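Build out the structure end to end from the sequences listed, making use of the hints.
Protein chains: 2
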Amino acid sequence: MSNATAITPTRAQDFPEWYQQVVRAADMAENSEVRGCMVIKPWGYGLWESIQRQLDAKFKATGHVNAYFPLLIPLSYLEKEAQHAEGFATECAVVTHHRLEAQKQPDGTTKMIPTGELAEPFVIRPTSETIIGAAFARWVESYRDLPLLINQWCNVMRWEMRPRLFLRTAEFLWQEGHTAHETEEEAIVETRTMHKVYEEFLRDHLAIPVIPGEKTERERFPGAVQTFTVEAMVQDKKAIQAGTSHYLGQNFSKAANIQFLGRDNTRQLAYTTSWGVSTRMIGTLIMAHGDDDGVIIPPRVAPTQIVILPVTPKPDTRQEVIDACEALAQTLRTQTFAGEPLRVHVDKRDLQGGAKNWEWIKKGVPMRLEMGPRDITSRSVAVCRRDQGPKAKEFVPKEDLIQSVTERLQEIQDALLARATALRDANMKKLETLEEFKAFFAEGSEGGFALMHWAGSSEEEETLSKDMKVTIRCIPHGDQFAEEGKCFLTGKPSTRRVVFARSY
Amino acid sequence: MSNATAITPTRAQDFPEWYQQVVRAADMAENSEVRGCMVIKPWGYGLWESIQRQLDAKFKATGHVNAYFPLLIPLSYLEKEAQHAEGFATECAVVTHHRLEAQKQPDGTTKMIPTGELAEPFVIRPTSETIIGAAFARWVESYRDLPLLINQWCNVMRWEMRPRLFLRTAEFLWQEGHTAHETEEEAIVETRTMHKVYEEFLRDHLAIPVIPGEKTERERFPGAVQTFTVEAMVQDKKAIQAGTSHYLGQNFSKAANIQFLGRDNTRQLAYTTSWGVSTRMIGTLIMAHGDDDGVIIPPRVAPTQIVILPVTPKPDTRQEVIDACEALAQTLRTQTFAGEPLRVHVDKRDLQGGAKNWEWIKKGVPMRLEMGPRDITSRSVAVCRRDQGPKAKEFVPKEDLIQSVTERLQEIQDALLARATALRDANMKKLETLEEFKAFFAEGSEGGFALMHWAGSSEEEETLSKDMKVTIRCIPHGDQFAEEGKCFLTGKPSTRRVVFARSY
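Those sequence lines, one after another, are chains H and B. At the far end of the first sequence sits residue 504, using this note's numbering, and the numbering has no gaps. At the far end of the second sequence sits residue 1008, using this note's numbering, and the numbering has no gaps.
If you are wondering where the hints come from, they were derived from the structure by calculation, not from laboratory data. Heads up, a few of these hints could be off.
Said to hold, decoys possible - As a list, the in silico BS3-like pairs of lysine-lysine whose alpha-carbon atoms are at most 25 Å apart:
#, chain 1, residue 1, chain 2, residue 2
1, B, Lys700, B, Lys562
2, H, Lys254, B, Lys615
3, H, Lys438, H, Lys492
4, H, Lys486, H, Lys430
5, H, Lys80, B, Lys615
6, B, Lys741, B, Lys934
7, B, Lys860, H, Lys60
8, H, Lys314, H, Lys398
9, H, Lys58, B, Lys852
10, B, Lys562, H, Lys348
11, B, Lys564, H, Lys356
12, B, Lys758, H, Lys111
13, H, Lys111, B, Lys584
14, B, Lys608, H, Lys254
15, B, Lys584, H, Lys104
16, B, Lys758, H, Lys104
17, H, Lys430, H, Lys466
18, H, Lys429, H, Lys237
19, B, Lys564, H, Lys348
20, H, Lys238, H, Lys469
21, H, Lys254, H, Lys80
22, H, Lys80, B, Lys608
If you're wondering where the values come from, they're calculated on a predicted model, not measured in any experiment.
Rendered as structure tokens:
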């Protein structure tokens, strides 16, 4: 085996291009002929199915139920919340006609002509606060109807000018939670609960440590009172916003007229929240864990956790080896990992062994097992951990492997989290002065998360962000970086450091 | 308890209006302000989640994987397959712009104006043969890449002029399977396999007996070589097409250029199939099983299979009763029914008992259990089967119930299938002459499925269908109604009866 890596270029050579090549090599997604819209291929979609199933269980455990609302939003709905309207105004797909006429051309071909112009155009939902708000207004009459705790899994569309697979696409898949409450306090608890769900999901399922915190006014969701975010660092030291939870106050309930008869018999406006994560998490996962040989998928969410590769040097022992591999797979499938049956695949394709092996490396399957005629005789299995590089191989007695397999998967899960945490911590710096700050983000420097005391205005934030091409990713929550100091720009007193970074 | 039913009007009085009222009373869905688009409420969506989860397992067991393709289809894609284009030409949502501008009005309000006209408009997918075909053309190079066995869960849109909740809506949720094969034979096997999956799913999960068969040329999917259908009869004796599986031959692979290098080293066109079922199945289920008190959901797919209603006449025993109900629920939840953990809900709301009870009757929960202070003393439970009407109640020792609960659910499942089968069989008639046929479908008559010898042309079928407002639902498969006879219209020889019916 040479020292060449499976992916060209490497991360160090050209990170953005490495990313594109990794997605392609793993066969997870591709660009379609519809500008900005991707095709999510089975391996990428399988990962989304894991994420969806596991997050959905967490939503249901916190009292939410799923529902489905219309794809199309009347323009008049968007006009009701002015800030929201302006925030989403520049990037919507607009439906203006409801019919096509097939016209035969003189050359025998058919041409489709839009007809049936609509009196009021619709946009394809970029997010559903307005249309779900209209439903909530119909559903809520009394405080007894509250809280409403609803989630929707669906596609949304924002006309992106610079799309990038998973991270930023015109159409993407997501979930959007929408809730309505009797009191401000209850709505804020909900917003924070879901923020916590995201933080824990990213850490425990995707092995990505995040900094939970609040967005500044400038970075808030259009129309929100408060936006909470979880910010991940990926391997080029940039930040990715991996999920957000918004406290909307009464802004959207006023716009949609979500009124209820309160306990004191007066009509009141509900307090609402919304929160979401999307297929962008897949891009985050790839950038957080991938190496120069491709994707590495944490065991908890891997569509296949273990692939068994029969080693069949001679045709006459081929069937025996395959049978032994199938038997091992069956035994492993009776076990559970993190509450789900083990997902084990036997790759029986009649391909050259090296090619097969590299395919699964590039796809990032956490554990590969090899078994050949000699292993059957010696009752052992070659165990390859994806997180330890393509050459790592350990021969383990089969019975030991069966005993220890879930422990071994948990070790991989933990190792990925530890590695991502070490990377983040090594690239997160407390800086004190504008000079240090400028040097940290200067062209050609490593960059990372700059932890800065900040007490500037929105205008100062805007200027600084534009000059340096960085943003305040969040004002961290809780004990994180809470300490007395002085704003590095204005010198005003500050009680907590905020996180500045370049971002996707 | 009076003899009044929970739903007004009854089925006998006005079936279409009964249907609307049943959907409303069960809180399953409602019309939105977007014309023809429904909101699927949590109880209706919960049913869809059951259907989705169970069908998805069947698709995976037959070798399919899920993927996701763009929502938008370039008009030029539709133009490639002329028959397909014409078939879907009249009912599409067309996207013509990709930007909105928020314009402040003199009165302070905001108005949204579509801008950014697209060079080539898109339609929102009415079905995805064309866009998935384009992806398949990229993916397939050699016979080794075949078969491609892909499924997609998504929303689709057809601009319906006469929408009806679940049965016919502008936007609906569905799954669409798309496969590509090396040979015609293999593609036909696939088409029939999925046809069989639908038949069995409807029978074993939804308790709906269907007649599997083939559509006539006139009723075929636009662009298909053969369309297979499963036809259900609902309680007003009309037919509902509950699922279809299409053998597309090389029509779509020619249009999309899905070529592969064959075993003989020549370039060949793949053979493709597509197959789908939608949220329409929920409407079918309601019309098949509902009674004058509301929906009845078969246990296998019920979002909640058992609801436990604490009977709390006195405040001082309330907590004790609730604790006993919760304990029973926990015990029941450790059991599985048809491979899934029992779905049991305890309704602890502080509402009047009768109101609660009727709410669950209208929602169609298969089994209700009541437990009060006296039942705790006597260690018994009142068991109410939804399929036996609102007054049915059996007192059962608690231990016996725990022992027998899954058997009892299976009894309900079986009873619903038996009832639906009896209804269908009683309203399916072999007729021989045009006079009998006309009488069968005359205004004011019962109608049903007319089993007719048929050897007419497409034109004769068209004329007859328009005159009588009936269609040939299918040419049954296998042994069903295979017998020698003469066409009732033309007198030509026929070897099998076909099914004529009015339909949704």
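Enumerated hints in conflict with the structure, sorted upward: Checked against the structure, no hint fails, so every one of them is satisfied.
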